[in-house]
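Engineer: Kindly generate the complete structure, drawing on both the sequences and the hints.
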Amino acid sequence: MFGVTLSRWSMTYFAAALCALMFGETLMVAGYGFPSNSVSDPQTLILVHVIVIGWLSLLLCGALFQFVPVLVARPLYSNMLPLPALIFLLAGLTALLLGFLQIAGTIDMRPPLLPFAALLLVAGFVIVLWNLACTLWPARPLPLPARFVAIALLSLAATVFFGFIFSFVLTLPIESEILLRVTAAGLPLHAVAGIGGWLTFAAMGVSYRLLAMFMLAPELDGTRPRAALWLGTAALGVIILGGLALLLYGQHILPALVFGGVLGLGALALYGADIAHLYRARKRRIIELNSQMAVAAFVMLGLSVLLGIVLIALGILSEHVGALVFLIVFGWLSGLGLAKLYKIVAFLTWLESYGPVLGKSATPRVQDLVIEKHARKWFALFFVAVLAATIALLVSQPLAFRAAVGATLIATIAIAAQLVRARLLRDVPLQTRLPDIVRRPHLLFSVPAKR
Amino acid sequence: MTQNYIDLDVRPILRNGGEPFAEIMKAVSSLAPDQGLRLYATFKPVPLFQVLGKKGYSHAEKEIGGGDWEILFQPAKTGQQPAQNAKAAPDTENADTTDWPEPAQHMDNRDLDPPEPMVRVLGAVEKMKPGEVLSALLCRKPMFLFPELQSRGHTWHGAFEPDGTTYKILIRVGGAKPATH
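Line by line, the protein sequences give chains A and B. The numbering used here puts the first sequence at residues 1 to 451. The numbering used here puts the second sequence at residues 1001 to 1181.
Just so you know, these hints were derived from the structure itself, not from any lab. Where is the CB? At the ideal position from N, CA and C, for every residue including glycine. Take every hint as true, because none was put in to throw you off.
With a straight-line cut-off of 30 Å between C-alpha atoms, the simulated DSS-like cross-links for lysine-lysine are:
no., chain 1, residue 1, chain 2, residue 2
1, B, Lys1168, A, Lys283
2, B, Lys1062, B, Lys1026
3, B, Lys1026, B, Lys1168
4, B, Lys1044, B, Lys1055
5, B, Lys1044, A, Lys283
6, B, Lys1168, B, Lys1127
7, B, Lys1054, B, Lys1026
8, B, Lys1168, B, Lys1141
9, B, Lys1168, A, Lys360
10, A, Lys360, B, Lys1127
11, B, Lys1141, B, Lys1054
12, B, Lys1141, A, Lys360
13, B, Lys1044, B, Lys1141
14, A, Lys283, A, Lys373
15, B, Lys1168, B, Lys1044
16, A, Lys283, B, Lys1141
17, B, Lys1055, B, Lys1168
18, A, Lys360, B, Lys1129
19, B, Lys1026, B, Lys1044
Computed footprint of chain A on chain B; a stretch qualifies when at least three of its residues, placed anywhere within it, have a C-beta under 8 Å from a C-beta of chain A:
no., stretch
20, 1053 to 1067
21, 1124 to 1135
22, 1139 to 1145
Some chain B residues flagged as far from chain A (calculated, every beta-carbon gap over 12 Å):
no., residue
23, Leu1008
24, Phe1021
25, Lys1026
26, Val1028
27, Asp1034
28, Arg1038
29, Val1046
30, Thr1098
31, Pro1101
32, Glu1102
33, Pro1162
34, Lys1168
Structural biologist: Here you go:
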């Protein structure tokens, strides 16, 4: 087969991811986990993993199954493997949440579930990594955005590796001094590998390509994006590998975090300059809602960097690390994710529905599948509410935080409803909807054309 | 199999913005009947495949890293392909255009928002007669267009132009047996 067809299970991943996001937001509105509980309490761990595995990782996996083939101009290695991977990941996430409930003492059952959860999650992510690696490997030398994705996949492997160790050490009578040390002090490495390496690096790589594509801007492949790649890779290497080495030698990991943090700031500064350049150099003057809302996400990333610097300068980072992580995860990663999802769902649905009849019959444009003015206010609400929630955390107002997250929940539900409408062709004008020829796509999966 | 190759590295010429075509043709004309040409270039020189194909040379190309390509041209009459390179050609469905007519229609879709280039190409192709050729300029490799062309039974030949940013595709209407749905 030649070219790129529809990724069969990406919509399933997106649907599961959105459900997890709404579930996580509901937990926060109910006052479950941080800030009512401390950052390291099992309740907070439940919340964090619902968001980073259930929402962000599934979203990213679904997007990568469709767009890694576009990045490397090769078909996906397997269009079927994503389904068993999803089943393992959802089972693993469920077991993980139950395992944390066991630690919290909320449920009393034996045996401890965390090791099973770890095995299931490892199985799911290994299938994902295998599928994407087999797609990337024959395409070497990789184009720049795909290199970001490759580094992100290595970071995912590192994140899962740390989580795997934690789950066993926390629940089984393991006496290995090295493993105990890694578990006692390795949490920042797990978090940086996951949020910085896996989620942020992949978002950076994909955004280089998608923004250039959607705004008709030149593909960037010069010194600055390459420097961003190398600096970012060095930052992750220093923190993950350097930090692990320090742990193994019984040292504190702070030097690795500081040095890697400085390199990471450099990478983000270069990336920011590149993104600004993409927007300025675009040929398309009027940009769509997804590109406008991506700007808001980039602003949130910039604010996250500023907030981090200010908190460190004032020496109060450890007190407010929750607020910082919230801004990164919701403002930057979730904001960008929702913005791009708004385009991706419409585009893939359009391709599935109208691709086979293009040129043979009058067809709607991709933009006819959505009504931007309906979605715009919900995106605005989402970003404003995320900022308000971050401020509420900084000034220690838990009730205001819950109210603000309630607003993000409402915005998320409304955006999800817009995505369902796009998927079901509900907003396409009747005269071009072509009910006779066009088969309305299934809500939860795609059917690639047979060859 | 061809026993020996003359090596020609045109990468310095290309990197200096020069045009290596004359140099390549000079090298080809100096080849002995059983000699091949091993060419190094900074891109896959698809137009050259046709030119040398008409002169009776088969080709096998492979990417050698850094975006560079090594292409082995050898006299086709030896009847043997350098098998170790046969798998390296990624565009296996790129048709041989030597017997294609001149394009009946040209389009420049480089400044259109995606997926408008695909919409226009398929729109034009549907209006053309079987056997006619459409030439279109795009600003990227049209990964979502290929499956559509394939399922409609068209053949195509696409490659990046030497500028590295313009992708030129030639599509011959209804030139292949349609795939079954």
